[in-house]
Amino acid sequence: MAKIGVYVCHCGSNIGGVIDVSDVREYAEGLPDVALARQDLFMCSDSGQELIKQDIRDGKVDRVVVAACTPRTHEPIFRGACEKGGLNKFLFEMANIRDQASWVHGQDPEGATAKAKKVVSSAVGKARNLEPLEEKYVDVTDAAMVIGGGIGGITAALELARMGHKTYLVEKDPSIGGRMAQLDKTFPTNDCSACILTPMMVEAYSHPNIETLCYSEVEDVEGYIGNFKVKIRQKQSYVNWDKCTGCGACAEKCPGKAPDEFNEGLSMRRAAFIMFPQAVPKKAVIDMNACINCAGRTIGSEPKVNAKTGNPILAPCEKACPAEAINRSLMLDPNGTIKEIEVGSIITATGYKVMGKENFKEMAPDSPNVITALQLERLISATGPTGGKLLRPSDHEKPHTLTFVSCMGSRDKNFHTYCSRFCCMYMIKQARLLKEKYPDLVINMHFIDIRTAGKDYDEYYTGARDMGINFFKGKVGGLDMLAGDKLRVNAYDMENGETIEYESDLVILASAVEMSDGTTELAQKMGLQFCGSKFFRELHPKLGPVETAVSGLFLAGCCQGPKDIPDTVSQAKGAAAVAAVPLAQGKVKIDPTISEVVTEKCSGCGICEPLCPYGAITMKKVDGKPRAMIAISSCKGCGVCTSACPSSAIQLHGYMEEQILEQIAALTA
Amino acid sequence: MSFTPNIVGFACQWCTYAGADLAGNLRAKYPPSVKLIKVPCSGRVKPEYVLEAFARGADGVLVGGCHFGDCHYKDGNYKTKNRTDMLSQLLEDMGFDPRRFRQEWISGAEGQKFAQVITEFTEELQELGPNPLGGQE
Amino acid sequence: MQIDQKKIDEAVSTIIGYGGTHILDCVGCGACSAVCPGVKAGFDVLCRKLIRKIVTGHLEEIIEETSSWGCQACNRCTEVCPQGVRPQEVVFAFRRYQANELAFSTSSITSQMNLFETGHAVFTDPKANRKKVGLPEEPPTSAYNEQAQKEIQTLMNNSSMGELGLF
Amino acid sequence: MADKVKVGFLLLGGCAGCEMAVVDLSEKLVDVLQHIEVVFWAPTAADVKYTDLESMEDGFIDVAFIDGMVRLDEHIHMANVMRKKAKTVIAFGVCAALGGTAGMGSLHDKNDLFEKAFKNTPTTDNPDGVFPQPQCLVDGKYDLTLPAYEDKVRTLNQIIDVDYYIGGCPPHHDHVAAAVTALLTGNMPPKGSWITNGKAVCDVCERNPAGKENGQGRAMVNQILRTIEGEPDKEICLLQQGYLCFGPITQGDCGGLCLKVNIPCRGCGGPIPGNHDYGAQALSTIGSIIKNEEITHQLMEKYPNLAKFFYRYALPSGTLPRRM
Amino acid sequence: MEQIGLYLGCNIPLKHPDIEQSFRKILPELGVEPLDLEGASCCPAWGTAPSFDLQTWCAISSRNITIAEQKGVDIMTGCNSCFGILSEAKHFLEDKEMKKKVNESLSAINRTYQGTSDIYHIAQYLHSKVGVDAIKSKIKYSLDGLKMATQTGCHTLWPSDVYKIAEQNPYEPTILKDLCMATGAEVPHYSRLAACCGMGGMRSTDIEKSLKLFKEKLISIKEETDPDMIVTTCSSCFMQFDMSQLILRERGEIDFEPIPTFYYTQVLALAMGFDPSQVAAISQIDRSKIIAEMQSEQRLVKEVA
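Chains as they are written, first to last, in our numbering: chain S, 1 to 669; chain R, 1001 to 1137; chain V, 2001 to 2167; chain F, 3001 to 3324; chain B, 4001 to 4305.
Errors might be hidden in some of the hints.
[Stated by the list, open to error] Cross-link-like lysine to any residue pairs, in silico, SDA-like; alpha carbons within 25 angstroms at most:
no., chain 1, residue 1, chain 2, residue 2
1, R, Lys-1029, B, Lys-4015
2, B, Lys-4015, V, Ala-2103
3, B, Lys-4015, V, Thr-2124
[Said to hold, decoys possible] Simulated DEER-style distance windows between Cβ atoms:
no., chain 1, residue 1, chain 2, residue 2, range
4, V, Gln-2005, S, Thr-462, 31 to 37 angstroms
5, V, Ala-2128, B, Ser-4107, 51 to 57 angstroms
6, F, Asp-3174, R, Glu-1124, 33 to 39 angstroms
7, B, Lys-4096, V, Ile-2109, 48 to 54 angstroms
8, S, Lys-389, V, Gln-2005, 52 to 58 angstroms
9, R, Phe-1003, F, Lys-3087, 28 to 34 angstroms
10, B, Ser-4107, S, Phe-471, 26 to 32 angstroms
Just so you know, these hints were derived from the structure itself, not from any lab. The C-beta atom is built at its ideal place from N, Cα and C for all residues, glycine as well.
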């Protein structure tokens, strides 16, 4: 018979302030198989843990139940205490009477106490049926993958490489650099973005431990921490990158056109193009959607022959290429090629995109002179469509009055409730750069409120006031399109309590930061989760900001939530540090709370086999009959097979049928 | 308030259980009707457990999982949905009020939603009255 | 300005009770006032400013305020509000508060009487004009339909409006 | 064996098909008869009065096979009497064990059932609406009684203590033979068990796709077909084809007979030991192997009553129905 | 023929029956049979029950809706306020509690609100159910070359979440523009297209403020487009444009002649050849010249056999 010890925590007044802890302890003492019940002010404190250890050492208990906060944070602590006391740590169960009782039922102390008793009884019921489990270890592949080649991904990859780990840097665009490469200058120091980023891009690309896979996307991820098998699709560039020198001759001759993504659609690029002048690697790509197949040179077709000269008629791009990197006679697979790699840990740094202006109906989205802040960034960048001159899109004239509108789609229940966090600062930066360059510009900035938390940030903002930039508190309500491509701004001045109405030449929307395209699919491939805000969910909002629920998978940068460059870089370095842990250790622990087949019970129906999301179940012949087997390193313990198995042959350790039935019985007693 | 219904909740540890914890962090108030049984995935919840809880007199049963596309185990919640859709129908076909059974997708970020779901479910159960099978056996 | 929590709580619960359900969601961004035709025309205690008055507990002080009656109920505010406050509902809740305290222009009592008697808030004898354009003199509305008038009177008499003794 | 084992057969609310399975033992029955003595077999084989059993000494019968579900007050009475008279009671066949198909009657009000059976069927001619009554006076002097109809169907173990269970509708005669052999040799499982090899129909079904050499394995079900739709391929697993076969969930002591004639298993064998609720497990298993929500809803459209579908033979034993 | 419940409101049947007559003339031609909603009352207007008690508002609105429900038809109205009021009431009645309470009130007059009839504005109905092509096919006088400034009115635009049919972009409404263009007219953009005209509660509370707002809008129309006429689908806006231009002119606040203003269906009825003395007979601004122009010989569309 089990000897269960129940330990009820006050958690200071967190629990004790609502729940009658003594009453719960007394109740627990009366439950079957409970050998003793104690209470303590803080069970997670050293002295609290010592209580458990001592009772185990004294042989008073052989199963432990702690009624306290949530197992999601504290189970490892108490399991540790059990282990130190000499008890198999899986003979431990937690009753959540804080997060799911005292904190939420403060209005009803009696109800909360009654509920706490039931929850304790449920935990005791489960504890009665717990079984000791063994942890196993597997070896680790000493390599890492970083998905996303922006400043976050580059930083993380460099850190891992410097620690000596082989690192694959996967980027979906033809060049690394990400959003930061699109920026003109960076706050609060107004460094030139390209000046500080380009050297890092080059260093990452040429680092012996980094293998950069550009124009590539993650196709599939299988496996688990220490042993991920990743399929990467290298998209078809239609240019032989081994030969391409990045001279750009093909782009010069190419007549096909498409909106330039790097310039946020403000200009056109060619079908054959190099992403941007400082691209790393500097390689050309042919965009087949924009390619017009000059001279009938569809991919894989033989060239026509000039009747006079007898020479083959080539497309301008291949003719122009001095390195012979373009050969349209080759039948190149439009799906590209699949490369398989094995890594021990993965960092996701897939960045962000900004919402398009078409989302904001009140903001005259049809006007060419309403642009997003990222578009403005290109408009003022020396590598942008105007060579760095501020010219408004409708007529390429210099604007006189500029309006900045904050919180477009952020802090808005119709779109995103979160604050996009770095818009205030970049708007101020853009305003300052423009005011410096064109002192006669009238710049009006409209904010709900100005958020400049960060080192030297508020000084940057107050400095902008000194420069003569106008700040208004109050959200812009809408824009009217006027003749001459001007816009009428309908705003409100909170301080005065009055409406504001004026004409503006160019309106810049600080639109919300969102997950990059394709991130949802990527998440599904990796089993990652989103929060309500549609960013990747970290393991813990405070204590696990770079880890995820999938062990071995880490986060850096805006894919976890909006953040500026310094924060992204910090997080990337943090992610690199934790991602290196399994690689440095060389082995990882396998959680034993996974499923197992009791072969004697298995009828071999095979129902379980296609259900497993990880392909962990196979049918093996035992005495000539098919019987299910589960690979421990692949199983993640979801229990779908356990529920489906009609022969009761599959057990999920830690969530056994008798354990759950006892919990139900306890809760309905 | 007529009575506090007894709700047995099965909550996947990644989403709904985390959502319930978050409700605590946010100090969201809801009636002490629900008691959660933590499972790794809503796909671990056998329909039999729901029936067992009702047979033992639970006034309501909640199965909480992740939103579609958010399952920690890729598609466990789809399996759950297949089963629970049929289970609701089965309850009705057996002459047991299927409103006592709820399937909800509550993410780990939806603390307020958890509180709201429990509040609404509790109110609905208060309207329905106690489980007619309660107290038997 | 004094902060009196009791007055704040009372003001907020009064407005919520009259249908301004989401008033506490307001973050005061001012977008509603930026688009409000009433504010633009000079009725300034609408939208953001009205909400501020209420959530700071100054409900009684503004009971005679006429701005609320300048609200066009156009709902531009509802459309632009990023927090789902539905400011127009707050304005109307405030109007209901005023009306139930009989703090509104006596001129509007005529409309209530018209509605009660004919079922039309605005009533002018239409016969000549209707005849002129070739329509039957009496429209098929409640104006010439006793049964309909009785129904409306029953509804109004049984409502909380009936208790105000306006008709 | 010195003494012959005294055996009794009692039919409750069934069709006596289970007893036909005993007769179907044919020559094996002859062998068995050397070892057993049938002391009671009613009402199928012998016309007896209640008192014939009631007057037996308690424990007189060594093994009682009780088949049929409990539907009438008479069944309750006779089952209780038999329990006293028999040392070992076997719920014989799926009706006694789980309630059987008649168990679906529990989903209906008994008055409605009477209306249907004695009045509303097209072939019934009963203009006066005469229903069977528990008591009636015939010719003004014969005071006759009929057993009363209970509100719902029950399984044998809901009335009396049952020692063993045998599934099947009826049990396969080979399985009966095996059970009797086990009984005679004393090679019985613990009390309360099912007498079964403990494996699913799939284990003996030649169509079972699992572990097949062709490397295909089992796949998700991507359509739902009723047996009236099309003709199933004779080689391929019926479940895989969309014909909802309960083979995976059902004891395969029958040898997968139905499958051999291209009929999906409907679950008469009863649940595989370890399962507490046949219908709930059937729902769980089928629900898991169905490809997606759309197909699930196809199932719910094609089978409008899931209680009858999943609990065809087992409704009275279900976790919830047995409490209702 | 498609049937629809014609909900008249107050201003149209009582003050501007020529607008009502224009409905009655054009609809059957376009394949729509308007059914009278006998005994329908005020929606009730914003200044009445909605300003006193939410539930009374919903009770009176739902009574009007039940008249259509009994006939098994949807509701169509030409008054923006009625459209807004009825749509919002229907939105409130989606709340189970409110529906229950309102039905308790309605039980005293033997009515039950179900929520089966949808609310349409006549402009939306013409645009989405009848269609621009069907309208074009019925035009007798082409209004080609005439310039129209449109005024949609607030209560079909916002809040877009309560309306059965919403503009693609309520800040840049196009339904009325499409309808006007179907007559052959030109419809230029002006910057205060979606601005409020100042009618309604504002005008009755403070006419000076109302006129200030109106003037701003009017000037935007005049200066930016200089139209031949203003066309609206809101009866209140119609009244503001018809009455207040004269006031501003009289006061010398505008230096141009008042622009003739029509309700859209009047324009359509004229283009379809109906008698102006029936469909466009009542206005303060003299519209005779522009009506004559609209129905002039040379505008006759040649019949295609």
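Against the structure, the hints come out as follows:
no.: 1; hint: Lys-1029/R to Lys-4015/B; verdict: violated (55 angstroms)
no.: 2; hint: Lys-4015/B to Ala-2103/V; verdict: violated (30 angstroms)
no.: 3; hint: Lys-4015/B to Thr-2124/V; verdict: holds (7 angstroms)
no.: 4; hint: Gln-2005/V to Thr-462/S: 31 to 37 angstroms; verdict: holds (34 angstroms)
no.: 5; hint: Ala-2128/V to Ser-4107/B: 51 to 57 angstroms; verdict: violated (40 angstroms)
no.: 6; hint: Asp-3174/F to Glu-1124/R: 33 to 39 angstroms; verdict: violated (53 angstroms)
no.: 7; hint: Lys-4096/B to Ile-2109/V: 48 to 54 angstroms; verdict: violated (34 angstroms)
no.: 8; hint: Lys-389/S to Gln-2005/V: 52 to 58 angstroms; verdict: holds (56 angstroms)
no.: 9; hint: Phe-1003/R to Lys-3087/F: 28 to 34 angstroms; verdict: violated (49 angstroms)
no.: 10; hint: Ser-4107/B to Phe-471/S: 26 to 32 angstroms; verdict: violated (58 angstroms)
This entry does not satisfy hints 1, 2, 5, 6, 7, 9, 10, going by the numbered hints stated previously.
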